[in-house]
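Asker: Start from the sequences, fold in the hints, and give me the full structure.
So the sequence lines, in the order shown, correspond to chains U and Z.
Start counting the first sequence at 1; every next residue gets the next number (our numbering).
Start counting the second sequence at 235; every next residue gets the next number (our numbering).
Keep in mind the hints are simulated off the structure, nothing from the lab.
Among these hints, one or two may not hold up.
To give an idea of the chain Z side of the interface with chain U (calculated C-beta under 7 Å), a few residues [to be verified]: (1) Y270; (2) E288; (3) G289; (4) Y292; (5) R313; (6) R317; (7) K318; (8) A321.
To be clear about the criterion: a stretch of chain U counts as covered by chain Z if any three or more of its residues have a C-beta under 8 Å from a C-beta of chain Z, and this derived list gives those stretches [stated by the list, open to error]: (9) 30-40; (10) 49-57; (11) 62-74.
Pairs of lysine to aspartate or glutamate, EDC-like flavour, derived with a Cα cap of 16 Å [to be verified]: (12) Z/K315 / U/D34; (13) Z/K318 / U/E27; (14) Z/K318 / Z/D345; (15) Z/K318 / Z/E265; (16) Z/K318 / Z/E248; (17) Z/K318 / U/D34; (18) Z/K315 / U/E45; (19) Z/K315 / U/D231.
Small disclaimer: the values here were computed from a predicted structure and weren't measured.
Glycine included, each C-beta is placed from N, C-alpha and C at the ideal position.
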Amino acid sequence: MTGGPHSEERVRRFVRDVSAHLVDSPERIQGVCDELTGHLTAAAEVGELEDALERLGSAARAASTFSRDVDRPPAPLRRRFSAAVVDLVPLIAVTIVGILEVMARQGSPVIVFPPVVAVQVGEYCVSPLPLPPLCEVYPQASLHPIGLGAALVWAIPVLALIEHRSGTTPGKRMFALKTVTVGGTRVSFGMAVLRRVSLLAGPVAWIDWVPCLWGDRGRLLDRLSDTMVVDASG
Amino acid sequence: MAPTLNRTEQVRRELARGTVELAVLAALDEERRYGYELMAILRGAGEGASEFREGTLYPLLHRLEDAGYIAAQWETQGRAKPRKYYALTAVGREHLALLLAEWRALVVRMDALLGGSREVRT
Numbered sequence: 001m002t003g004g005p006h007s008e009e010r011v012r013r014f015v016r017d018v019s020a021h022l023v024d025s026p027e028r029i030q031g032v033c034d035e036l037t038g039h040l041t042a043a044a045e046v047g048e049l050e051d052a053l054e055r056l057g058s059a060a061r062a063a064s065t066f067s068r069d070v071d072r073p074p075a076p077l078r079r080r081f082s083a084a085v086v087d088l089v090p091l092i093a094v095t096i097v098g099i100l101e102v103m104a105r106q107g108s109p110v111i112v113f114p115p116v117v118a119v120q121v122g123e124y125c126v127s128p129l130p131l132p133p134l135c136e137v138y139p140q141a142s143l144h145p146i147g148l149g150a151a152l153v154w155a156i157p158v159l160a161l162i163e164h165r166s167g168t169t170p171g172k173r174m175f176a177l178k179t180v181t182v183g184g185t186r187v188s189f190g191m192a193v194l195r196r197v198s199l200l201a202g203p204v205a206w207i208d209w210v211p212c213l214w215g216d217r218g219r220l221l222d223r224l225s226d227t228m229v230v231d232a233s234g
Numbered sequence: 235m236a237p238t239l240n241r242t243e244q245v246r247r248e249l250a251r252g253t254v255e256l257a258v259l260a261a262l263d264e265e266r267r268y269g270y271e272l273m274a275i276l277r278g279a280g281e282g283a284s285e286f287r288e289g290t291l292y293p294l295l296h297r298l299e300d301a302g303y304i305a306a307q308w309e310t311q312g313r314a315k316p317r318k319y320y321a322l323t324a325v326g327r328e329h330l331a332l333l334l335a336e337w338r339a340l341v342v343r344m345d346a347l348l349g350g351s352r353e354v355r356t
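Answerer: Structure below.
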């Protein structure tokens, strides 16, 4: 190879950076690495490595070029919703316990999902929702601070980390779904968190799903975080 | 007034959009080729072709492969690293014939249309 060891090293490093942006089976990723290495090696052999790298752009863009997820069909809404239910089992369980407790105390159920996150501090009720007085309207809000906290830690940062690392969540895996950027590449941890923060908004979180009612491909936060959930079966 | 370079590029890109698939399949009609080879052929194919990028080629190759029009094969052939060759399949050859026939008919129709109107204008 006329480019010498220097360009060989550059090719290797670029291919490694590109593969870090891909979430796919090890065989698929290896296939992309081999094809990209072959492409860049061929470019280097005729002294055109710089041009080829410039055309490919950043590692993320190059990853998008080789990703098979860009053209995958969007996830069917039913499967997406089912996956969300599986992923949110802890949150649902905490909510049910809260509902039962309120029912035992007041005799009538107050059903709110996702539960309102609020903390009773002395006589004040602190919540990210600007709708006072939350603790009276949603009595379950002040229940189970530890259970609710743990369920939310699972539902937001932990699931976001799993989604960032594997491109899917336990629920999504069960329904053969995958989360990728609109370019078909790995979702960053920050964006994976962003697409889940609606869970902190109590029942207001349902607004996030409204675009799906008229057949849009995703939630509001999918759009905001430049991500999409695709059908990974087939 | 001559159009700006930017606009020329834009027009070229728009006109080229529908023809890339035909160009790639036609390049594979003669013989099987690897990615960089296709890249060099298409970039050398005349004005506007220098706009052609990997970002266009590879998604197209993968789509054509999924559609069964081309098949990929890794080959070592006396090289240290294997190379991925793309070749036209029987279905791909049929598809190419269809595209070619449609393209030629389109060119004839457009020529007739443009030939007529150009005389009026100039």
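Asker: For each hint given before, does the structure comply? Return the numbers of the non-compliant ones in rising order.
Answerer: Result: hints 5, 8, 14, 16 and 19 break, sorted rising.
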